[in-house]
Every structure is written in C-alpha cells, then in structure tokens.
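Engineer: Read off the chains here:
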Amino acid sequence: MRPELGVCYYPEHWPETSWETDAREMRELGLDWVRIGEFAWSKIEPRPGHFEWEWLDRAVSVLGEAGLKVVMGTPTATPPRWMLDKHPDMIAFDVNGRPRKFGSRRHYCFSHDGYRGESVRITELLGERYGDNSYVRAWQTDNEYGCHETIVSYSPAAALAFRSWLKEKYQTADALNKAWGNIFWSMEYSDFTQIDLPNLTVTEANPSHVLDFRRFSSDQVVRFNRAQCEVLRRFSEKPLIHNYMGRITEFDHFDVGKDLDIASWDSYPLGFLEDRSDQDDDFKHKYMRQGDPDFQAFHHDLYRAVGKGRWWVMEQQPGPVNWAPFNPAPLPGMVNLWTWEAVAHGAEVVSYFRWRQAPFAQEQMHAGLKRSDNEWADGAQDVRNFVSELSEISDINLQTAPVGLVFDYESAWAWDTQPQGLTFDYFKLVYDVYRGLRRLGLSVDILPPSTTDFGERRLVCIPGLFTWSPELKKAVSKFSGQVLMGPRFGSKTPDFNIPETLPPNVPGFACKVKSVETLRPSVVLPLKDGGGIASWREFIETSEEVTEKTEDGNAVLIVKANIWYLAGWPDDEAMIRLLGEVAKKSDLETFPVEGGQRRREFGPYVLHSDYDTGEIQIIKK
Amino acid sequence: MRPELGVCYYPEHWPETSWETDAREMRELGLDWVRIGEFAWSKIEPRPGHFEWEWLDRAVSVLGEAGLKVVMGTPTATPPRWMLDKHPDMIAFDVNGRPRKFGSRRHYCFSHDGYRGESVRITELLGERYGDNSYVRAWQTDNEYGCHETIVSYSPAAALAFRSWLKEKYQTADALNKAWGNIFWSMEYSDFTQIDLPNLTVTEANPSHVLDFRRFSSDQVVRFNRAQCEVLRRFSEKPLIHNYMGRITEFDHFDVGKDLDIASWDSYPLGFLEDRSDQDDDFKHKYMRQGDPDFQAFHHDLYRAVGKGRWWVMEQQPGPVNWAPFNPAPLPGMVNLWTWEAVAHGAEVVSYFRWRQAPFAQEQMHAGLKRSDNEWADGAQDVRNFVSELSEISDINLQTAPVGLVFDYESAWAWDTQPQGLTFDYFKLVYDVYRGLRRLGLSVDILPPSTTDFGERRLVCIPGLFTWSPELKKAVSKFSGQVLMGPRFGSKTPDFNIPETLPPNVPGFACKVKSVETLRPSVVLPLKDGGGIASWREFIETSEEVTEKTEDGNAVLIVKANIWYLAGWPDDEAMIRLLGEVAKKSDLETFPVEGGQRRREFGPYVLHSDYDTGEIQIIKK
Amino acid sequence: MRPELGVCYYPEHWPETSWETDAREMRELGLDWVRIGEFAWSKIEPRPGHFEWEWLDRAVSVLGEAGLKVVMGTPTATPPRWMLDKHPDMIAFDVNGRPRKFGSRRHYCFSHDGYRGESVRITELLGERYGDNSYVRAWQTDNEYGCHETIVSYSPAAALAFRSWLKEKYQTADALNKAWGNIFWSMEYSDFTQIDLPNLTVTEANPSHVLDFRRFSSDQVVRFNRAQCEVLRRFSEKPLIHNYMGRITEFDHFDVGKDLDIASWDSYPLGFLEDRSDQDDDFKHKYMRQGDPDFQAFHHDLYRAVGKGRWWVMEQQPGPVNWAPFNPAPLPGMVNLWTWEAVAHGAEVVSYFRWRQAPFAQEQMHAGLKRSDNEWADGAQDVRNFVSELSEISDINLQTAPVGLVFDYESAWAWDTQPQGLTFDYFKLVYDVYRGLRRLGLSVDILPPSTTDFGERRLVCIPGLFTWSPELKKAVSKFSGQVLMGPRFGSKTPDFNIPETLPPNVPGFACKVKSVETLRPSVVLPLKDGGGIASWREFIETSEEVTEKTEDGNAVLIVKANIWYLAGWPDDEAMIRLLGEVAKKSDLETFPVEGGQRRREFGPYVLHSDYDTGEIQIIKK
Ligand SMILES: [Zn+2]
Ligand SMILES: [Zn+2]
Ligand SMILES: [Zn+2]
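Residue numbers (the numbering used here), protein chains in the order written: chain A, 1 to 621; chain B, 1 to 621; chain C, 1 to 621.
No lab work stands behind these hints: they were computed from the structure. Any given hint could be a false lead.
The calculated DSS-like cross-link candidates involving lysine-lysine, where the alpha carbons are at most 27 Å apart (straight line), are [to be verified]:
1) A:Lys101 to B:Lys528
2) A:Lys549 to B:Lys284
3) A:Lys286 to C:Lys549
4) C:Lys86 to A:Lys101
5) C:Lys167 to B:Lys178
6) A:Lys101 to C:Lys169
7) A:Lys514 to A:Lys560
8) B:Lys549 to C:Lys167
9) A:Lys528 to B:Lys178
10) C:Lys167 to A:Lys86
11) B:Lys549 to C:Lys286
12) A:Lys514 to B:Lys286
The following block holds chain A by itself, in its conformation from the complex:
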C-alpha cells in the first residue's frame, strides 16, 4: 500500500474563478484527494424542494479534471434553517431539558423520524447524481457524529423512541422491572409509556436505566448512518467513510463501522491536548506545540480496528485551530511528524483540514494550508517535506501487532453511569494501558469486544471490561498468549447487576473481587517493588499465585497459567513495570523509550518520533 494525501475544500466559500487555480496548486503540493460538500445543503437546496446542482457539478469537474479524487460528503450535519419549519421538533435537547437551537451545526436529534427521512432524501439525490461520477471516488456520511455532545439527546422524540426500543428489548414491563431491579426504590413500571429519560431525577437514576438509554442512544446513530449507507450502496460502488472525532465514546464506533468500508478520524493533536486530555497542566504546557505523544497513535490503532484494517485521517490539523481553550502554533515540523505517525499506523490517506483559511464565520481563526490572503501557510512546507520523504519509502504493508488491547464502548457508558469514584474513566484506563505499552516500545492492535480470535498475538490486555461477551470468552479460552485482565473486569452482568459469583468471573481462575474502593487523587498505595495503585483498588480473595502486592499486603497481580488479573489501577511507574513483567512471560521483546520518544513498527520500517523536539527518523529493520 502507498499512502496518499488529501485536503478538505469548500468550493461554495470561494469565487468559482479561483477553483481551477486551487485544484492545480493542490496537485502541485502533492495531494491526491479532496473532500467536498459536507456542509453545503443550503447551497444545494436553498428552499425546500428547490435544487441548485450546477455549481457542485462544476466543482466536481474542475477538481476531477485537475487529477484529484473527490470524497463527496452528505450534508446532513447542517440542515438548513427551513428544515426547522418543516420539523420544529427535530432539535436535540440537552441534559437540562433545553432545546439546542439552530445557528451552528449538528442541530438535530438522531431519534427524529422526520429528520431521518430528510437525511435519506438528500442522500438519495446525491447518490443518484454522483453515484457513477468517475471523479467521485468515495463518500463521507454526515460529519463527526458526536461532536459537541450531540449523541445523547433528552428530546420528546428521543423519549418516544426509547420507549419503543425498550419494548422491543424487554417485551413486558415485568421483564424490564426484573432486569433493572426496579423493586429497589419502588421504581416499578406497569407500562412502557411510564418510562422517562433518566435526566433530572432527584438523585442518581437506576444504572440499568441509564445504561439502556446509552445503548439506545448509540443504536440511534447506527440506524441514522445505516439509512444513508443503504441509499448510497444502491447508487454507488465507491467506498463509504465516516470521519469520527477523537475521544468520543458516546456511541459504538465499531457498530457504525460495520456499515462502512473505511473508517477515518479527524486528528487535531493540539486542540485535543487542550480540550480533552486528562493530563495535568505541566504536561499540557510541555507538549502544547506537539500534542500528546500517544493520543494520535491510540486513535490510529482504534480506527484501523473500526475500519477492519482500512482507515484514513480525514482531517489533519495543519496549524493553530480556533476551538480549544488555548490555541498555540505547532512546533516547526510537527505537521510532518503527525503525517508520518499516521502513515506508520497504516493510514491510506491523510487529508488536511482545510485548504484555505476562511476569513468569515465560526472557524475564521482556524489555519489552513493556505492563509486567507491566499499565501502559503507554514504547514504547507511540512507537507512538501513529507511528499519528498515518502518518495524514498517502498510500499507499506502492516503486520499484525504482537499486542492486542480490547476497547469496548459499552464499558465506557457503564463506567460513566457508575464511576464509583470521581476520577474513574474507562477511556483513561484503557489509554493508560496503551501508553504503558507504547513506552515499552510495543506496537499495538486495538480489538473490538466482538473479537473471537486473538490470532498470533503474544499479549492481550482487557482492562475495565463491563461484562464478558461470549465472543471474548471464546477468544480467551483458545488463546495461548498472555491475557491481562482487570482492573474492574467482568464486573457486571449485561443487565448491570453484580454477577452471582462476583467478578472477575473467569472460568477456572480462583479469584474473587470481594470489594472495591476508590481513592482521592492525592492517594497512592505503594507496591512492594515500586510504583503504586491510584484511583481504584480491589480487595481480592484468591488461591492463585500472587506476584505483586501493595505494601499493605493486598494482592495486586494474580496469575494462573497465561491468565493474569490486575486488581487496581497502576500509576505510570507501576504500569510500565507490571506490563513489562507480563510481556516478559510472553517472550515479547520490549524497547523502553524515554520522555517524548516513541517507536512504531510498520512493515519493514520503524518510525522513531521524538515529541520533545519534533524530530523523526525512519529506519529499515
């Protein structure tokens, strides 16, 4: 495979006279792909049923004739203002019960039937018109599902749809009462119509109620996306893509991914470090011009899994953005480093957002490859360097990584619902394990919880799993590599009850979590051999071998044959040491790195990237 570059472009923002020059300059810079259309609904259909396709036809032609491959986006993330006159109740509601008004984007509720119909209608028209167009070489559905917390909606439309979903799942109110344990506080229902959304309750709602609402909310996204995919497949054989966002866990990306051919994500290393990282202020200060050294890699690995091997960066940060709390400029060379990091994780395409900085509206302070006065912006030089460096690399064929790490969206919803301690966060837990692996120099594959076979891998980690799936049970049982489970593993039934046997509930592994505790941020429980446990700790009853204890004498790492159980959340030092111990048993060679240094194997190469300095080295193994 040979990676390619692309860019996001908005012909509707610029005079038609500039399109040809823009297209030529894209090609000259070394770009192959151009994404268009995803916010252009009001330009295509300025009044309901009145269409203006000609400008878009011409844009596709001009771009295609210049040699660019077009990704056409469905414009459903930005319904025009007239849509609200047709469907006044299509708006999502926030957790406080307030409608989320028109005036920006993503102003729709996934549960609104009328709007889903409109989404199908416009997709159909696009499919019909461009399904066979030889310049249109891929499709993007909608844009950034979940951005601006738009998955979980408390609208009347959502309430209605939730009741149907529950009825479908449980058939009878009695079955639901039993599954949820509604006897607890006299919360029993006699009819599905009595069930409300779980916001604004006096104290916390039943976790089974909340988790079902979160499952439902995710399913609504899948259903919305699937409707577009089904339409597009009727008209086009080009691959379907969605562009996911970083650290959005409100819907199941694997489930949406089942309807796609390629997964992609929008990678904004500096914006994400500022606005969605758990790291402390010192870390954010240190990496403000580089981004977190592991955040991009993690998502690259995640979306490779979501895309069943095929994935892109659909939007790559090219300079300062406008939307984070603080928006510094990247270190010189970082745009190049980020591009290489993507390629080393198997990206087929890295597409920059955006071609030219828009001088108007919400994102006027967001850098492009060109400035708003049409001069080259600083990021363009990094792209030129990448193109020249890439020409010295032969084809890239990724191998299976020696390490697997299971990521499970349902677990994220479960522990959102019941963190038990303020600082417990599923993403953070999995990400801490990921960082530990990467600091050991290991390349990682992220695996969905539906994995039934871990293959030739040597080590699989499964932290924080809400509930055992039959698939995972099967994968574990036939695996001969090391499996590291825990903490908080298999700790519930699918109905959000504690299993009768207590967690972790691993067949043949004599180990029970008799109770757990959560800890304030200042507390670290030291381990006998260094490092410590923070945030979450389990008290264990076991007759298996204990290889690691806290100084207060409690088991932390338990092993039997190739099964390991971790009974707490290790801090950085302990994480690296414990993972190292398990890796050793796997006969897995580690390559510990320091500071901001990282390594990633890709095909016959190793990428050495240094996030402290912004430098990279590509070495042939």
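Dock chains B and C with the ligands against chain A, hints included.
Structural biologist: Only chains B and C with the ligands this time, still in chain A's reference frame:
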C-alpha cells in the same frame, strides 16, 4: 440502659426462602432490631388501591419469630410511578425552576396537598395492619427528610402554600411590607397573590423574603411528618422515630422531633467526610479511612437533644459506600470504633445499613454486613468484636454534660441567606466551637434555642445566633455558669432587621458591634497571644473588660461577670486557647488531646478513641 | 473648578421627623449635594395611576432649604410589582432562557416597548413636577445600567426587536447572509423572521451574528436612556447624569453619554477588587483594604471622556459593602484617599453612598456615613479631613494629558465573542496598558474610538482594536506624536471578517499578521531584553524595523516613523519597558513608581498616593 444493635433489611429484595436463614444469622451475630418496609410501596400497593400485604405479614412473622424486634418504615420517600398519574404536579422543583423527575427517590414536594393525603392514607393502612403487631416494636416515618436537597422546593404547589403561610403570619400585605422593608427597592406588594418564591431574581432577593421562605419550607416538613405521626398514634403505642441525615440544616430537626419519641440518624463517617465536610484535602486524605473524629460525636449529641434524650443510629456505615465522590474502605476496626462512639454518646440502638449488599440498582456498590454472594463482609467481624466487648460493660447511664452548645436551625437559614462573606457558614461555626471543646477533652450537650434553663452546666456557648429568643434570654439571665456568646450573636430582629441598639443586644452588657468585615481565606488577623481571627471579624464599641485583642488593637474577647462576648471567628489555635480561658473561669477541668485522639465520658466510663490508628480504650473512672 | 461633595439619601426609608436633622448634619459635614428618588417608584405611584407626590415635595423642600442641591433620580430601575400585571412579558431572560423574576431590581428588558412607555410616562411626571424646582439642580436617569448583567436579554421581546434592528441594518436576508458568511455551515436565512437570538446553539454561533446582537443590545440601552433624556429636556434645563458602574462593557457608554451633560460612576474600590478584578489572590489579599491602585483612576479617566470633560463620582464607597464575595473594612484614611484620587482626575462632585446604613432589606450590611443607630460611622472622619484639606487648595483646572489611550466598547464585544484563548479579555488588555503608563508616572486621557484628532498629545496607545474606524484613521494620519497599535489591532472588518490584506491593515506600514496563537496562563515567551509575552502572540511578516524580538526570534515591536506595532501581549515587566521605549521616542518624561505608589497631575498640583499605606501628599509643581 443497655445498648442494642440492629440492621436494615429489605425482604422484598430477596427470595422468601432466604428470610429465615437471614433472620437466624442476624440473631447469631448479636442483632436485636431489624428495620424494614421504608421503600416498599410499589410492592405493597402495586396498582392504586390494589394491595399485597401477605408478603409483608410473612416477613414480619419470620423476623419476629427469630427473636428480632421490627422497626416498620412508612414508604413515603418512594411513591410508586402510578402516583404521578394521580398527581402530576406533586414533583418538587429545583432552584432553577426545573421539575425533579421520577426515577430515583424523594420525588415529591412537601407542599403538595394531594401527596400529603396519599402519605396519610398509606400510613393509616400500615398502622391499622401492624399497629398492634407484637413483633413491630417501633415506627420510622418516611426516610431521611432532606436528603438530596429535597426540602426547599420552587414548585407551583410550594408557591401557593407559601402565600397562605405568609397570609397567616402577616394578615395584611402592609404588615408584610413593613416587616420586610419592601420600600427599599419599590418591592411593595398590595396583595399576597403577588408574592413569588425568591428564586431567579435579578440580583439577591430581600433576605426577609428568603428567610420566611426557609421557615415556611421547614414548617412544611414538620406538617408532613406530623400528619403521619398523628395517624400512627391512633393505631400504635410503639415509639415513633425518624432517621435524620448528617449536616442537613434545611429544616428544623427540633421541630420535627417534637412529634417523635426517639430521634435517629444515619451515620456514614467516610461518605460524609468526602461529600459534606469543610475540611481541606490534607485532612480528608489523612482521615479517609476513619472519618472526621468529631463529626459523628457532634451529631450524636445533636440527636440526643432532638430526641429529648432518646436516640439511635438507624443506619451505620459498615464498609465502603457508593455515593460519595470517593469511596475508600474503612480502617480495620473502624466499624467497631464508630459503634462505641455512638454508645458512649448514649445511643440506645446502633443499626447497620444494610444486611446484604444488593447486586442491583442504585446502591449495588454499597457494602453490607454480608456480601452480595452471601459471604460475610469485613464489617461483620467488627460487630462481633463489639458484642463481645459490650458484654464486659455494666449499664450505661449518661449524666448531663458540663458544657452546653446551642444549635439553632433558623440561624443556619439566616446566614445561608446573608453570609456577607463567601465562607461564612453557621454549621461550620458551631462545629468549630464543638471541635475546640472536644479537643479540650470536654463532653458536650447540644441545646435547642428553646432551652429555658441551662441547669447545672458550667459553660454554655452560643455562637452565631440569628436572633435572641425570649427562652434563651431567660436561660441566660438565671444561669450562673459562664456564657460565651458570639461571634455574630443576636445580630438581627426576627424580621431580619438590624436591632435598633445594634448587636449583640445583651441587657446590662455595654458592648456594641459597630460594624463587621469578612475576610478572604488567606487572611488571618493575629491575636496578641497567639492564633488568630479568620473569615469574620467585628468592630466593637465597649466599656466592659477586654481580655483579648488582635494585634491591630481591636477587642476580640469581652467579659462582664459570667457573660463573654467573642467578636470574631477564631482559628483552631485561638479557639482552643480562648475556650480554655473561659473554661478555666468556669472551674472546668480540661483534658487536652492530640491529633486524632478524643475522649468522651459516659456514665462511669471514659471512651478513649484514636482516629489516627482506629484503636479504642474504655476506662472506668 | 472647585470640587464639591454629596451623598445618596432615601427619605422614604426614614421617618419624616428625621429629615431636617439629617439635612442639617449633611451640611455640617461639608456636603453640597444630595441624590434622592431613584428607587422610590412604589412610594410615588403605589397603585397604577394613583400618585403620592407630597412626601417627595416635602423631602425636596427640607433638603433644599437646608442648603443642599438635589439630584433627582428617575425610578425606572425598580418598577413596582403592579407593573408586571400590566406587562407580564417585560422581564429580561438570561442566556439559559430563564425569565429573571421580580423581587430585587433591574427586572426589565430594554427591548420591551410597553415598559419603555412606562419609563417615559413616569419621567414625564417627574419632569413636569420638578423640572423648574429651584432645589432640584440635576437629574439622574435610571440607575446603574448594566448592573447584575441586565443588558443582554434573551427574551421574546428582545428577539422581536433584534429582527427589526437587523432588517433596518441589512434590508435583505441575502445581504445579511453575505455579511455574516452564513454559507459556512448552511446557516443561510431567507427571511428575517427566521433569525433567533444566538444563545443555546449546539456549538458557538456565528461571531457576526453574536456581534450584531451585542451591538443591538447596546443600542437598546441608548434608546431607553435617550427617551428619558428627551422628556427631561422638555421640562428642565438642569444637567442630565447617569451613574455608570465599574467594568461594565455590555453597552457603549460613549453612546449613552452623548445624550447626557455629565457622566458619573459608582466607585466601590474594595467591592470591585473582590468581585471583578483579574488580579491574583496575592494581589487581592495585599490590597483588600485599599482597592486596586489603578482601577479607580482608570474609570475616572474613562468617565471624564464619556462626560466630554464633566464627570462625578455619584456613589463613593464609605466603608465595608455587602455584595462582594468578601467585604473587608477599608484602611483608615482610604475614604479620604479615594476622594482625593477622584478630585485629582477632575471630579466635579464626589457623592458618598449612603447617608445612613439601612437596617433592613438587601443592603443592610452596606456601610453609610452614619451607622444604622445614627452614630457617625468611621468613614465620616475621612470626609471631614478631606473638607479641611481641600480648603488649602486653590481652583483646579485640568490640562490635557500627554498620553491618550483609546477605549472601544465594540472591541470588548468582539473579543468576548471570539476570545480565541480563554484568557483574552479586551478590558484586561487596555487596563494592562493603562497600568503600565501609570507605573511610569504618566497622566492619561482615555479617548473614544470616534476621536478625530489626538491634539497636542505626545503618545497615543490603541490596543486590541476590533476594526479601524474612518475617524481613527484620520486622527492617526494627521498626528505627529507616537502611536502604539496592537496587539490584535484592526484585525477585522466591521462585519467580523478577516480583512483581505490581513491585519493590522495600516496604510504605508509594511506589516502583516500572518497568524496568531493563544497561550495557557503558565506560558511566557521571553523577550531578548527581559520580560515576556503571555496569553496572545502574533506571527509577523514585515519589512519595517524590528526593535524587539522574542528569544525564539519573532518580531514583537515594529516601528516606522511614528507608528509602532506591538505583536503580542506583554507581561508587566515587558509592558513597562516597551512603553518606556516608545515614551522616550516621544520625548515624554516618565516618573517610574514602586509598589502601590502612584502619581497624578492635576492643574498646578501632583497627587502622590500610596496604596500600600493609604497616605497621600499633594505637591504644588
Ligand atoms: Zn472538523
Ligand atoms: Zn440511607
Ligand atoms: Zn449602587
């Protein structure tokens, strides 16, 4: 008196086949009491007017026949879902004007007449059925009034009821206008129907308006509880109890207590340290497994006063809970220490919450005496130890404590309404005095503001009193022990005006507070002899003796005969020193303690508890 | 000019029998002016259309006959309760869509036509009755526009009015779409009725939309105030005044000022330090009894500009207030220092708030010159000292200051709308420049953005200007003194687009801002010669002379002839050094001061005030 133990049990959560074993094991553990029923409305009355009593009859029999005494709870804290169809407007509203929805508990407004009627109806049915039952030996009304901030409701029902309450109090709008000083910003009313609840005003509402609303809100709880008590007394001669929560000041516990025979409270030392303590992070870290050394003692003393001498711990934390920001495990032995602390303060019964950890619904991560897999949890051993230690103690008859401390709910509402400085909090002020006394090794009685006689005590402290009651004036005037008043004492008229003579307004005591100031947390005004004044300081005009000044020359402690006035809020060091000074004048022996050590006299014994290590010693005097 | 003193008085709060004594004591203290009436609507018109004027007639007489000059306030900041029955929809709505209820003050929306009619009606009646009264010597319109965030209202009335305002401005929806760049996210409108207020959008609204709403909101205040002024001018030749508040930027004070004869403001140095200062906790601790040494001076200079040379302090803090998070007492002598600071900046009148502390309602803990028991409060002595010190001073005639500083309300709205970094605040930026100038010992005139001539000044600073006005362009082009522009200067077109040429867009000055970055609070980019850039930094393309660079080699200060451009936000050290450098080029003598020392030239005098000690010295030049 011989203290007994109990437990909270939910037969409706478990198969009927397990009840007998559970009951036998309770007795074997040494428990005498079992509380049931308080969340079981939907099980008793699954549909409006359709009742299922048999299961409850059987549960009472099984428990009673095993030798347990039953506390029967009225289930009014958890109205079933169908109740909302009968009374859609019964829901409380929060300060932002949002209804507080069904789906957890306490989803009712105390001002809703219809729901109060329902509460009387179900109580009547329970009274009728179990009033004479020989196994039912006490009643609990509702559950934890005030938990989840459910006292102060801004619902339409509350607005209507508030207008009636005001009309009753003031008779005419003119009288109200005058009392409130509504001339101030043209806030005058011509009719009671014009008066709204004091939320969402442009800037702060009139403090007289707010305080009356807070008085009204408290009265609604009293009225709600009284209605249940009146019904129960018609059917039963068993004692009536309510289980109060820690640090809830939104209603007058003394007023509710007038209708009860016994006060009780729910003591969660670790949960309360995390979720409602003013202490800093270092303190919370240090005592995360022990709880605040004075918090339980304070409430024990408070509820002894509320119960006019008779009080229980109705729910005692037995291990980690699920509802605080962080939920650590107690130190080994702490459940035992907490039980002894209660007994040393005169508890008749200490009842653990709960028998077995529920594997479902909201509190599935809340420990019980048994685990959800029915093995013994760690706390059970502490109970066994307590039972064995108690057998070596003869009967306990508490004496009157040498020190009295007045606690006044109305003052809490007043200073909530007008803190004047962000950090001024009435509970915190009284609690700081309490802690100072306890660090001097003194045993304390808490006194209601209706006290007319301080008895044989040697010292009475009255910090932060909103307004002088005639009762207290009488008690002070005939008392020969030392009285320490202030800071912020007697500083308002009942209508929330500054008294004409200025505070503290003590007859025969030539001392005026000419102005006050509030201070940022970093500011401490040093005293000449050590320690300092923080948060609140008064400027005094006096001709009485000044025994203590700030370094900047302002009077802090003023005395005439047995009357002392404290013109600021001392820090810990100053508090102990100043209290010690006054105690000395009282000829009161003090026993200063260090760190987490505490002492409490009870009958012929002294309990020495060490919250640093979790150890106790009981010494015969 | 000879400055005078005054006081705010509420005859309606006190028995009529005390008025005469109060008036006599005011005169004895040295006061000339008394402001009354501004909250008395319910006393004047207790029922709609029913008037009680006699008490006010008598109050005016008693005060006037004692020799006091009366300022009569229109009572429109406190509409009586019955007004809401006439106009239930007159209430403002907050950004969350909640109505802001009756029960305090300022409970009206500036966009409500009905209430503006009522405001005109009551003003007319007051004008008619007192327009010729010889004791009434000035008028105050309403009270503290903008206090309690009451300018920006999201009410239905505001939405209607905003649509009209937009229609008036743009004529067609197409013109608006183009100006706002609504093509960006398919936000195009086909009709003005489709446009909503820009709150509660899913993510940020279009900045052009928000800025127009802010302009509109300011215009509504101007219109409301103008309606009162037009009425009063029909009946009275006395000067019209409004009392502005400190650091309120939600409406254009210059625009409102155009309809007034005198500007005034309400100066609460300690309250403002606590509740609206950007300074850190150490600073607030240090100056808790003095106030920020520059905050009062800045506003004095600002309102001198707003009043076109004529200005007062209408309310001067005389002791502790009640409304800040913490309310300490001033240092002895501070009330005197504050009065002198005002006089040294040209105040015609300094009027204390209030005569006597009210013992009731919201402000009962707000000090007056007299205590609520009618004894003198501490502040009164400072007033006596001032009166005696003033008698040794001859007439004060302010000269034009050598330095001008442009303050532009529209820029404040623009950077509120698009801060680009959390800590970017226009007021803070201008104020940092002001403080730098004052720490160089320079006296400053604040200039509106409509200034067309900088006169004889030697240096003019224009930080953070949203967009170049033709007036300022003219003023700069004909000015021979030094002009220091930037950072973030001229960076947008009036429609909130980036200008085609890029900022700063200064004719003949070869300098472009190619991009910007915002920085976390911990980041300081060091300058080669000391100090650094924080919060905001620009990357510059220039062929002009660069006199200052960051250590990382980027231009920070660029100069050509008398035009300077500053490409970042200097910290305190860099600010003083860079301003000093530019001042030197201006041949301007500087007088650097240390710590809390400040100097201000006024006529033939220099006031040396020391905010560390509270001492002042007045020296004849
Ligand atoms: Zn994007
Ligand atoms: Zn409880
Ligand atoms: Zn004021």
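Engineer: Decide, hint by hint, whether the structure agrees.
Structural biologist: Hint check:
1. A:Lys101 to B:Lys528: Status violated; Cα separation ~61 Å.
2. A:Lys549 to B:Lys284: holds, 25 Å
3. A:Lys286 to C:Lys549: holds, 22 Å
4. C:Lys86 to A:Lys101: Violated, at about 31 Å.
5. C:Lys167 to B:Lys178: violated, 49 Å
6. A:Lys101 to C:Lys169: holds, 24 Å
7. A:Lys514 to A:Lys560: It holds: about 19 Å lies between the C-alpha atoms, which stays within 27 Å.
8. B:Lys549 to C:Lys167: violated, 68 Å
9. A:Lys528 to B:Lys178: The hint is violated at about 71 Å.
10. C:Lys167 to A:Lys86: Given that 27 Å is the threshold and the Cα spacing comes to 24 Å, the pair holds.
11. B:Lys549 to C:Lys286: holds, 22 Å
12. A:Lys514 to B:Lys286: holds, 25 Å
Violation of the numbered hints given earlier is confined to hints 1, 4, 5, 8, 9; the remaining hints are satisfied by the structure.
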